[in-house]
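Residue numbers (my numbering), protein chains in the order written: chain A, 1 to 492; chain B, 493 to 984.
In short, the hints are calculated from the structure, not lab data.
A portion of the hints provided could be inaccurate.
[Said to hold, decoys possible] Capping the alpha-carbon separation at 30 Å, the derived lysine-lysine pairs in DSS-like fashion look like this: (1) B:549 - A:80; (2) B:514 - A:22; (3) B:514 - B:743; (4) A:337 - B:596; (5) B:789 - A:54.
[What the hints assert, rightly or not] Covered by chain A, per the in silico footprint, the following chain B stretches (three or more residues, Cβ under 8 Å): (6) 544–556; (7) 561–569; (8) 586–597; (9) 604–612.
Since the model is a prediction, treat every value here as computed from it, not as a measurement.
Every residue gets a Cβ at the ideal spot worked out from N, C-alpha and C, and that includes glycine.
Number of protein chains: 2
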Amino acid sequence: MSKKLTSREEDYSKWYNELVVKANLAENSGVRGCMVIKPYGYAIWEKMQAQLDKMFKETGHENAYFPLFVPKSLFEAEEKNAEGFAKECAVVTHYRLKGDEENKGKLIVDPEAKLEEELVVRPTSEAIIWNTYRNWIESYRDLPILVNQWANVVRWEMRTRLFLRTAEFLWQEGHTAHSTKEEAIQETEQMMNVYATFAEEFMAVPVVKGIKTEAERFAGADETYCIEALMQDGKALQAGTSHFLGQNFAKAFDVKYTTKEGKQEYVWATSWGVSTRLIGALIMMHSDDNGLVLPPKLAPIQLVVVPIYKGVDQLELIREYITPYLEELRAKGVSVKFDDRDTHKPGWKFNEYELKGVPVRVAIGKRDMENGTVELARRDTLTKESIQIADLTATVERLLVEIQENVYNKAFEYRKTHITEVDTFDAFKEVLEGKGGFVSAHWDGTTETEEKIQDLTKATIRCIPLDAKEEEGVCVFTGKPSKKRVLFAKAY
Amino acid sequence: MSKKLTSREEDYSKWYNELVVKANLAENSGVRGCMVIKPYGYAIWEKMQAQLDKMFKETGHENAYFPLFVPKSLFEAEEKNAEGFAKECAVVTHYRLKGDEENKGKLIVDPEAKLEEELVVRPTSEAIIWNTYRNWIESYRDLPILVNQWANVVRWEMRTRLFLRTAEFLWQEGHTAHSTKEEAIQETEQMMNVYATFAEEFMAVPVVKGIKTEAERFAGADETYCIEALMQDGKALQAGTSHFLGQNFAKAFDVKYTTKEGKQEYVWATSWGVSTRLIGALIMMHSDDNGLVLPPKLAPIQLVVVPIYKGVDQLELIREYITPYLEELRAKGVSVKFDDRDTHKPGWKFNEYELKGVPVRVAIGKRDMENGTVELARRDTLTKESIQIADLTATVERLLVEIQENVYNKAFEYRKTHITEVDTFDAFKEVLEGKGGFVSAHWDGTTETEEKIQDLTKATIRCIPLDAKEEEGVCVFTGKPSKKRVLFAKAY
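Just chain A, same shape as in the assembly (with noise of 0.2 Å):
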């Protein structure tokens, strides 16, 4: 398979898919909207999983499990929440197949084993949960509930894209409880925080914080805190969710305590999650058009080492040479590979690393070793110099902090470039048909007007900025009064 991709000017979405193909990311696979996530894009789900698993157990949350499927009563308890998720769930009715007798060697469902109820397979799992949680909820002593869960999820998506929709995605999803609702929201906010936070320091992605309108909102909240994502193209990206649930599902699964007063009380609740979708916002956010481009702090190699010689002795020799460096750069904690295959030529590998998004390239042959350096590229920015080889260890560390910079600088940079303040709607339109981004503007507050400007522009409202200052406007669109500018954008 050829390694070159469509560049980012002749087609976005085609680029897109192939990169996630040909850096062996992931893949579509035989099930409808359902994808194979590749060793080298899992390998980064575990970078991120093992930083956020770190950061909710450091606000003191901890990990559980609760079941794939939610017996179809309890998914309608909470009324909005399945009607949001009734129309594109995938639901069990069979326990067992057998043997098709006219057609021998394949297998039927067996109508004796139909299920006296349906079970729906998650989409989201509060349904499940707060039925557990009426049984571990007496007292207020025990409040707060904070626990997440690392699960996969399922939503009967008709337009599939690899990690960005897919019918089946790899997600946590935190469920809290709590007695006061000031601190159930101060846990929304919190938790909105932690994904900007590893959005921001981890992915190098910088984030908009804000709040979504009530179109937008998760099924069953009061509140949908968000963080928002501009991706390259120009469209916006929803990277994680918060919600503060108010009493929600504590009213639809009787959920009380008893108050220290002794009193009966509803329990508040809160749920937050990102997703596999993560690694599609990382990919699009800093690749180009010679591939991926990772930020060292989540890529799965952060050095890799292409030896260039002739002959296995030719090969020993540049590992003597080399190993004393990476051992010290892996007792530094530094993720380093020595690519030894003989299957290979250096130039394919160097292709090969660069589509992979590798952060630091070391290349030696008999001539560095002669002199007593190493040649360092850089991925970011594809350049390469020459090095002494005693100075590898300080370079590669230092680089790699500059580099985790300069990405996250760099999609900064363009997203500030990328927010435009309008106050008319032909110059809402103008931006959004020219460079995109998003377009900040005044809008009179009603769900009518939102949708007539989606129908118009495709462009969404993204959120209400929580940093947004208060300014008198008018809507961009029906000229109503309005204190606050929100952001629009055509979105993923």
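Following the hints, position chain B against chain A.
Same frame as chain A, but now just chain B:
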């Protein structure tokens, strides 16, 4: 809820179920046969996962993720495998629910959203994975593929039991592809050995390594290797299996590779897995009538400190007194909890941590501070001693090693006295009806005899031990000649 457990002697099975629930490990859910793994139980699973994952990576494996669903046509491709799992699989037939017009607020399956092809919720992933491997493998250069997956699977068991047998469970499944039969067999054996090392060194569970008989073999395998443990009630528990799949899946999914010589050959396969069932084995193996006993290497909390105080000032003095030692222990990797909750009394906490199997408990009161001592209690032996606080770090470190060894030795002793060689069927039945355990007996090698023995005694052949020596003998049931003893037992 009372913390007092039913004793093992009174009712072993009830003791187990109570222990699992009262120690907050897991509970039944609102979904038939599916459990909720509670935070404390899940923390044990996380410790197991971390260690196993490390061992898999050290043996060259990478993680990946494959779809939850297997289309029926793929599921049925490998006939024996399909036959083995068809009887107990959850089947998705629809992808949407809709409002029930006759019953406001209720949902029904939308008959218009029937899938063209039913999807089986994976009971194991050979089918979906080998359908994928077909595209990954062209030549010998693409081999071996050494992939593992951490996932949930569903098997519609009729009689379930927390951790030991549940409709949904968590596991890892390794799926490897090789160019030669020898390499595949070597991999199968290697992974059985990895499992045995994990069971013995981390779970402190001694295991017998062996091969399954044809009747007990994995559906679709040419050979199943296993590790078998013996629980305190004399019943055996299969703790892990590693399958040599021959070319069965390669043939079913047409997966061929080009050899160095340019020939087309079918690929050789293995698969291997352990599951949350291991938590059940861990609990059953070491625990007593007071609750859980955890080997330190898998204990989520290794040391708990219970302060005995009156008023906040005294609590703070105790905290000051102990903190430097706890920091020292944490720096050495010991997981430590200082339980400063004022909602529960020390006596209550002692019982709680005994029930939860925390290996070492420290209690500190006013008198201890005056004397420069702490009171140390060991969970496995239920012994206490007063030691100088200056010796705390060294003592705890030593104790954690000692406890790990002690629980293993105790389990090993038990098993040693519960492997009984018998040469008559009367003796065979007597052992099974008496002390139980493994019965080592000659068997004529036929499935017929195996089944008859099972009908009469409920005992199955757990394995043909790898270290069984050649020995002339006659089948304990039919009197036909036999060259090896096999291990029978009643099993979980």
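Status of the hints after comparison with the structure:
1. Of the pairs offered as hints, the one joining residue 549 of chain B and residue 80 of chain A is violated, with about 44 Å between alpha carbons and a cut-off of 30 Å exceeded.
2. Proximity of residue 514 of chain B to residue 22 of chain A is assessed by CA-CA distance (about 51 Å); at most 30 Å being required, the pair is judged violated.
3. Distance restraint check for residue 514 of chain B and residue 743 of chain B: the Cα-Cα separation of roughly 49 Å exceeds the 30 Å cut-off, and the hinted pair is therefore not satisfied.
4. Note on residue 337 of chain A and residue 596 of chain B: the hinted pairing is violated, with a Cα-Cα distance of about 61 Å set against a maximum of 30 Å.
5. Straight-line distance between C-alpha atoms of residue 789 of chain B and residue 54 of chain A comes to about 20 Å, which keeps the hinted pair within the 30 Å bound.
6. Counting residues of the region 544–556 of chain B whose CB lies closer than 8 Å to any CB of chain A gives 3, so the stated coverage by that chain holds, three being the minimum.
7. Here's how the region 561–569 of chain B fares: 7 of its residues keep a CB closer than 8 Å to some CB of chain A, so the rule of at least three is met and the hint holds.
8. For the region 586–597 of chain B, the stated coverage by chain A is satisfied: 7 residues place a CB nearer than 8 Å to a CB of that chain, which reaches the threshold of 3.
9. With a cut-off of 8 Å between beta carbons, the region 604–612 of chain B has 3 residues touching chain A; three or more are needed, and the interface restraint holds.
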